[in-house]
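Visitor: This is what each chain is made of:
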Amino acid sequence: MFEKWKNPVMVSLPVVLLLAWVAFLWWQIAAGALVKIKIKGYDPRDLLAGHYILYELDWEATDCSQFVGGKCPKEEFERFDAVRGRFYVPQQLALALEQDIQNSANTAEMVFSYRAGYRPYARSLLINGRNWNGAAVRF
Amino acid sequence: MFKAKKLDRLVAAGIITQTQKLQILAFEEGKNGFPLVQKALAVLGVFMVGLGVISLVAANWYEFGGGVKLAVMFALLCGSVYMALRTEKAGKKFTAEKWRLGLFFLCGAAIGLIIQIFQLSGGKMYTPFGFWALVTLPLLFVSRQKLVSYFWMPLFLGWLFCFATDYLAEWLAYCPWVEEFAAEILLLLFLGLAGIGYAAEKLVPAFSGGSVLKKEALFVFYAGLFCYILAGGIDSFSGLPRLGYAAGVLAIWSVVLWLGKGYPLVRRNIKFAGWLIVMLYINLGKTLGLFETGVGLIIGGAGLLALLKYAPKAYKVVCGRVKNV
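Each protein sequence line maps, in turn, to chains E and G. 1 is the number of the first residue of the first sequence in the numbering used here; add one for each residue after it. 1 is the number of the first residue of the second sequence in the numbering used here; add one for each residue after it.
Please keep in mind that the hints were generated in silico from the structure rather than gathered at the bench. Computed from a predicted model, the values in this text were never measured in an experiment. Keep in mind that a hint or two might mislead.
Claimed, not checked - One side only, chain E facing chain G, incomplete, derived with CB under 7 Å:
| no. | residue |
| --- | --- |
| 1 | Asn7 |
| 2 | Pro8 |
| 3 | Val15 |
| 4 | Val16 |
| 5 | Leu25 |
| 6 | Asp81 |
| 7 | Gly85 |
| 8 | Tyr88 |
| 9 | Ala94 |
| 10 | Ala122 |
No residue lacks a Cβ here, since even glycine has one placed at the ideal position from N, Cα and C.
This is chain E alone, in the form it adopts within the complex (with noise of 0.2 Å):
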């Protein structure tokens, strides 16, 4: 019987994983709150950038009131290693994107799937305001 079924579980078993993750990360994402962190680039020498920007969370400039207790969760964010982060983007937009997240006139925000006491997610970036691919913020 088992060997009968051997074949199409073991071959089948690394999509059903794969699903399974994919549902795993959309409903973490559904369950979360989105909030706005202002953030910094920084520029840590990565050989492998390009099609992505890499950040690092401002958060003396972050409006914290839109948090439970109104306290921003520094710790929450270092335990789940999201303190800096890379967003992918278009290789062709990363340069401009860099340059705007740099400049001091710019505000930038990323906008995070949060849920207190789990990971969170990086949803989308925002220069002063806007979506950096044009798209409509959805809050």
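We have chain E; now place chain G onto it with these hints.
Guide: For chain G alone, kept in the frame of chain E given last:
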């Protein structure tokens, strides 16, 4: 072709007959169902198709939404699963293996795509590779041709190497001796993996990764040992203890192999012992200043000549015994 030429020479020398030559060739042909060139071209074909699909998606990245990209990727994954199962059912074993290999590569591409779509960052750079190995592990339990294993195992061993070195670096804060013995720990880790591969090969024959794990972990172990002994010869400060540890590992490992009747590896260990003696000579020569003065050079040169004269004899005596077992 090379085998046929070698056999011709054996026939000419009168070691084997023409009939025996033909029998050997017929046996070898039957054993390898798929010639190496055909296999290599098939792998190249699968790789090119996979690369083409990824390039196509990457070039039109900006045009597609995340949902479309995921849908295309999962359609490709499901198509590969279907073809792998269909060809297996039709008895086309090697074609099924090619589809499983395609599935293996597509899973890697899918993980990269999911990371980009869901903007997952942070954590260690090597983690996705570990996840790729984990997700595709079930393929090794149905793969009889070892083609998938030959790609899966370097992925797993590469991830394990990064993981182990990273965690050894973290343990430094708690166990200072880890820094001193990091290289030895890594060498023993790969030797242990080779042992696991050997055990898996014997205990779970359906798991095609067992023999490949054994071969590739042993390759990493011996490559690491070669460099370790080389470093022992060059390094004047901690070289001698290193060479001592290497000699200890080689001796214990050879005894274990001898007891398990792994004579080919004992012969390999003897060759490594020769390499160790050469490096010991260089280390001692540097420490004693043999390469710096005229007298030192004469003593050093005489020592080297003596080594060249007697070491091969000792090697032949020991190897001859091992070969005859």
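Visitor: Output the numbers, in ascending order, of every earlier hint that fails for this structure.
Guide: As far as the earlier hints go, 4, 9 are violated by this structure, in ascending order.
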